[in-house]
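J.: These are the residues of each chain, in order.
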Amino acid sequence: MFAIPSAWRPAALLFLAVAALLQHAVPAHAQEAPDVMVKRVAQDVLATIKTDPLIQAGNEARIREVLEAKLLPNFDFTRMTALAMGKNWRVATPEQQKRLTDEFRGLLVRTYSGALNQYRNETIDYKPLRMNPGDTDVIVRTAVQRAGGAPVQIDYGMEKKADAWKCYDVVVGGVSLVTNYRDEFNEQIKNGGVDGLIKTLADRNRGVAAK
Amino acid sequence: MIEIPRAAAMLTGSVALTAVLLAGCAAAPSRVDPLEPMNRALYEVHDVVDTNLVKPIAQAYVDVVPRPIRVAVSNVFNNIDDLFSAINSALQGKPDKFGNDMGRVILNTGLGVGGIFDLASEMGIERGNEDFGQTFGVWGFGQGPYLFVPLFGPTTVRDGTGLVVRIALGPVGTIPDVALRNSLYGLGAVDLRAQVIGAGELVDTAALDRYLFIRNAYLQRRRYLLYDGNPPRENEEE
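Protein chains in written order, with the working numbering: chain X, -17 to 193; chain F, 96 to 333.
Any given hint could turn out to be false.
[Unchecked claim] Straight-line alpha carbon distances no greater than 27 Å define the calculated BS3-like cross-link-like pairs of lysine-lysine that follow:
1) Lys52/X x Lys69/X
2) Lys109/X x Lys192/F
3) Lys52/X x Lys143/X
4) Lys52/X x Lys32/X
5) Lys21/X x Lys69/X
6) Lys150/F x Lys109/X
[To be verified] Which residues of chain F face chain X? A partial, calculated answer using Cβ under 10 Å:
7) Asp145
8) Asp191
9) Leu303
10) Gln315
Don't read these hints as lab results, they were simulated from the structure. Don't be surprised by glycine CBs; every beta carbon is placed ideally from N, CA and C.
Let the sequences and hints guide you as you build the complete structure.
T.: Structure follows, in C-alpha cells:
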C-alpha cells in the first residue's frame, strides 16, 4: 500500500545490479542472447540471495564467496579497467594494465559485496532488447521495482566474446559505475603516474580510507 | 543527494551564492568544474556539517518515526514535485510526459488523499522527474560550472538556477506563517537526507576521491535525465 519514495538511492540499488549478474549454476549456453542471460541469471540469483541463510544473516565472507564463484566470471574486468582509464590505458605497460585490472576488480567487488548485504525484496522488469543480427555490443535494459515504489533503471553494457556475452559496464539510474572513475583515475595518474594509481587502489583494497 | 530541490529551499544562502555565480560566470567554461578549488573547500564544510549535524538528525528521524509515516511524508512532497514535473514537461514540449505527470498528480491528490498515498506508482505510472534545470537544458542553455553547495550538495549553475525558480514558485515558500514554513522546509530536508542515508557508506567504499566521485555521478545522472534516459553514447576514450 505504501510506496517507497523514488529518489535516487545508489547504495540501495547497487546490489541489485550485482544480483542481476550473478551466474546460474548451469554453465551459460554459448548461443544464449544477452538479455536472456541477464534474466536467467537474475532470476536464479534473486532466489539464491533470498534463501541463503548466511547471506541473509549478513555474512560478508559468504557473500564474497558467492561473488567469486558466480558473479565475477560474467564480467570483462580488463575492458572495465580500460574504460575507466580512458586514454591513459594505452600509456600503461601490459604489466601495469594487469595490476590495474586486479586492483580495480578488488575495489568493485568490495563495493558490490557491501551493497549486496543490503538486499531486500525487489523484483526486476526486463525491457525488450533492441539488437540487430550480428551485433556484438548491446545494452540490456532492466528496471528494478522496489516494493510499491518507482522503478530504477539498471542497464548492462554487454559484449559478445568467444564463449559468452560479458558485462563491461553497469549503469544505475544513468550513472556508469565504470566511467564514473575516469576523473579519479586521471587525477591519480597526474599526481603519481600509473604506479601511483595502482598504489592508491591497492591501499584502498587494504582498507585505507579515501580522502 | 541528487534531485533534491526541497533541500535547497531552506538555504537562502545557496540561492544567493547561485545568483552571484550566475552573474560572474556568463562566459561558457571549457571544463565542467572551473571552480574546483572553491567547490572542494565547500565540500569539506559540507562534510563536517553533514557528519556532525544533518546525518545524525536524519538517522534519528529514521529511528524514531515509523516507516509508514516517513513514506507518507515523502509521498506528499513527491506529489508536489510531480506537479512541477508536469509543468516542465509542458515547457519542454512533451505532451505525453505532461499527461503522465498530470495523471499522477490528479490520481494521488484525489484518491491518494492529498498525495499521502502514491497510488499512481502502484499502478505502474512512473514519475516524470522533469525539473527547471532540464527545461533550461532542452531550451539550449549550457549547464555552466559545477557547484558544490554545503547542505544542499552537488549542482550546476543551470540546475541551481532551476532550483531558484522552483523555490520561488512554492508552494511552501508562499506560506505566510514563518514557523510553519520553516518547519516544512526542515521536514523536507530531513526527509531527503534520510532517503540517502546509506549512500554515504557506498561512496566511502567505492570512491578514491569522494569529491570527484560525487561530482561525476551527479553530472552523469543529470545528463541521463536531460535525455530522458537515453543519452547518446560518449566516446570511450574521451
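J.: Looking back at the hints listed earlier, which ones does the structure fail to meet?
T.: The structure conflicts with hints 1, 5, 6, 7 and 8, although it agrees with all the remaining ones.
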